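Given chain A, put chain B in place with the hints provided.
Below, each chain spelled out in residue letters.
Protein chains: 2
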Amino acid sequence: MDAVDETSSFFDTAPLLKDGDIITRKLTQFIDQKSSSSGIGPRRVVCVTSGGSTVPLEQRCVRYIDNFSSGHRGATSTEYFLKSGYSVIFLYRRGTCQPYCRSLPEDPLLECFQVTEDDSCIQVQVQESHSEAVKTAISEHHAAVSGGFLLKLPFTTIFEYLQMLGPSGMFYLAAAVSDFYVPWESMAVHKIQSASGPLDMRLAQVPKMLSVLRKVWAPTAFCVSIKLETDKEILLEKADAALKRYKMNAVVANELSSRKEVVKLLFLL
Amino acid sequence: MDAVDETSSFFDTAPLLKDGDIITRKLTQFIDQKSSSSGIGPRRVVCVTSGGSTVPLEQRCVRYIDNFSSGHRGATSTEYFLKSGYSVIFLYRRGTCQPYCRSLPEDPLLECFQVTEDDSCIQVQVQESHSEAVKTAISEHHAAVSGGFLLKLPFTTIFEYLQMLGPSGMFYLAAAVSDFYVPWESMAVHKIQSASGPLDMRLAQVPKMLSVLRKVWAPTAFCVSIKLETDKEILLEKADAALKRYKMNAVVANELSSRKEVVKLLFLL
Numbered sequence: 106m107d108a109v110d111e112t113s114s115f116f117d118t119a120p121l122l123k124d125g126d127i128i129t130r131k132l133t134q135f136i137d138q139k140s141s142s143s144g145i146g147p148r149r150v151v152c153v154t155s156g157g158s159t160v161p162l163e164q165r166c167v168r169y170i171d172n173f174s175s176g177h178r179g180a181t182s183t184e185y186f187l188k189s190g191y192s193v194i195f196l197y198r199r200g201t202c203q204p205y206c207r208s209l210p211e212d213p214l215l216e217c218f219q220v221t222e223d224d225s226c227i228q229v230q231v232q233e234s235h236s237e238a239v240k241t242a243i244s245e246h247h248a249a250v251s252g253g254f255l256l257k258l259p260f261t262t263i264f265e266y267l268q269m270l271g272p273s274g275m276f277y278l279a280a281a282v283s284d285f286y287v288p289w290e291s292m293a294v295h296k297i298q299s300a301s302g303p304l305d306m307r308l309a310q311v312p313k314m315l316s317v318l319r320k321v322w323a324p325t326a327f328c329v330s331i332k333l334e335t336d337k338e339i340l341l342e343k344a345d346a347a348l349k350r351y352k353m354n355a356v357v358a359n360e361l362s363s364r365k366e367v368v369k370l371l372f373l374l
Numbered sequence: 106m107d108a109v110d111e112t113s114s115f116f117d118t119a120p121l122l123k124d125g126d127i128i129t130r131k132l133t134q135f136i137d138q139k140s141s142s143s144g145i146g147p148r149r150v151v152c153v154t155s156g157g158s159t160v161p162l163e164q165r166c167v168r169y170i171d172n173f174s175s176g177h178r179g180a181t182s183t184e185y186f187l188k189s190g191y192s193v194i195f196l197y198r199r200g201t202c203q204p205y206c207r208s209l210p211e212d213p214l215l216e217c218f219q220v221t222e223d224d225s226c227i228q229v230q231v232q233e234s235h236s237e238a239v240k241t242a243i244s245e246h247h248a249a250v251s252g253g254f255l256l257k258l259p260f261t262t263i264f265e266y267l268q269m270l271g272p273s274g275m276f277y278l279a280a281a282v283s284d285f286y287v288p289w290e291s292m293a294v295h296k297i298q299s300a301s302g303p304l305d306m307r308l309a310q311v312p313k314m315l316s317v318l319r320k321v322w323a324p325t326a327f328c329v330s331i332k333l334e335t336d337k338e339i340l341l342e343k344a345d346a347a348l349k350r351y352k353m354n355a356v357v358a359n360e361l362s363s364r365k366e367v368v369k370l371l372f373l374l
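Chains A and B, in that order, give the protein sequences. Offset between the first sequence (1-based) and the working numbering: plus 105. Offset between the second sequence (1-based) and the working numbering: plus 105.
Read the hints as simulated data drawn from the structure, not as lab findings. Owing to the predicted nature of the structure, the values given are computational and were not obtained by experimental measurement. Please note that a few of the clues may not be correct.
You can't tell identical chains apart in this list, so a pair holds if it fits in one copy or across any two.
List time: in silico SDA-like cross-link candidates among lysine to any residue, alpha-carbon distance up to 25 Å [claimed, not checked]: (1) LYS240 - THR221; (2) LYS337 - TRP289; (3) LYS365 - CYS166; (4) LYS123 - ASP107; (5) LYS337 - GLN164; (6) LYS343 - LEU209; (7) LYS337 - LEU304; (8) LYS343 - THR129; (9) LYS188 - ASP126; (10) LYS343 - LEU370; (11) LYS123 - ASP110; (12) LYS240 - GLU222; (13) LYS240 - ASP223; (14) LYS123 - GLN164; (15) LYS123 - GLN228; (16) LYS365 - ASP124.
With the rest of the complex left out, here is chain A:
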């Protein structure tokens, strides 16, 4: 099977996206609004994907395979795209880092705020030490969303993620997408029982959607993908292969342990 056939077969058997109609309407409104904005001229649209995707092991899902990703890269890149005049479709894993929130502690509500009582009036206040970070996060985030420049769409599973990757002028694929999955029809219906020894699993490869994205969904889009490896010996080789095989415009290569300090950028010339 080639990638297009594999993709059709993946979608034919995937559980249907909940609220697909609502998501389509939001996307259409967001893109239409961009292209008709008067005065400032049309903004370019980029789809930034962010965070890891899950692979359920049971249809009534108790267990799943996940990919490590805090979502910092996707959230930060979104801030820079907005600053550079893009409108951003932010396709993010539920619970991961949000744009303008990366300098906040893990649990901002409980770590940044305090309650004070004054003349029998209870007030919620930001602690001085977190004051600037909290103000920036809330005001910048609200400005981007209410200004119509940022559309946030959450996903959890690989099935949701791949059904939501829509048409944009540019794709910046920072999400950690699963390479392996359990096809829906071969998935256990109920929670897998643990009574009878070790668990043997065979995971199928997720179709190489980058091929389809490039060839069928958005042949003219500018596509940036991200390659993460733990072994720096094979990183550049794999990133170069991705650049050529999927005809990406650029690939960001990073290694797990040093990814916050250094990345390498590979471009297709």
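Relative to the frame of chain A, chain B by itself:
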């Protein structure tokens, strides 16, 4: 191998808990303070576990198996234990629901607050609709922590979780603990490559730590465990078996789809 041998072998090969010394010191201080509190008499101590535990598939972890759990049950139960005069060791999965926060939206900072500008002074304010929920969450949570009644200890992996289960007067085990795992020494060191077809995995059973908890770690503690199944036909049978096999004082039986409306309680008479 019996459960005690399996447990030794599990801990011998598990990666060492980071900050183990600090955690031990915090636990000792918390328990000592309880038993020496003057005036109000000693408070009983319960260890509530909450949220799912991960099973890394690589030593330099990119992928892992996770167990679905929002942490609502553990967080809510913690509130009730505190209200009933217990001190609570809250052993929770990073990022899951915190005590007093269950009626808040998913991302409280971005969904409950707004920034207002007044005489060139930028202020952060709670939106009226979320005002009570936010005040309660912050004030009750701070009161419990600063009063010394609530000790919060986060975990992520099954290795961290099992190394942190310490001695208490009562255990209330709401965490969704992995049944299967990949032993550290048989784990891939680097990110598993996806180039060469499907992925076959054999997962070993996690030792039945409830046996060891009951027989060795805390023979006199009052132990409550929680059984979740997706198939209601086998739920009561499995819960009853857990009650008898591990000599739990009580087992909470719940089924995935109805767990927020109904649970069944089984007691050892």
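Exercise. Which hints from the list above does the structure break, by number from lowest to highest?
Worked result: 4, 6, 8, 9, 15
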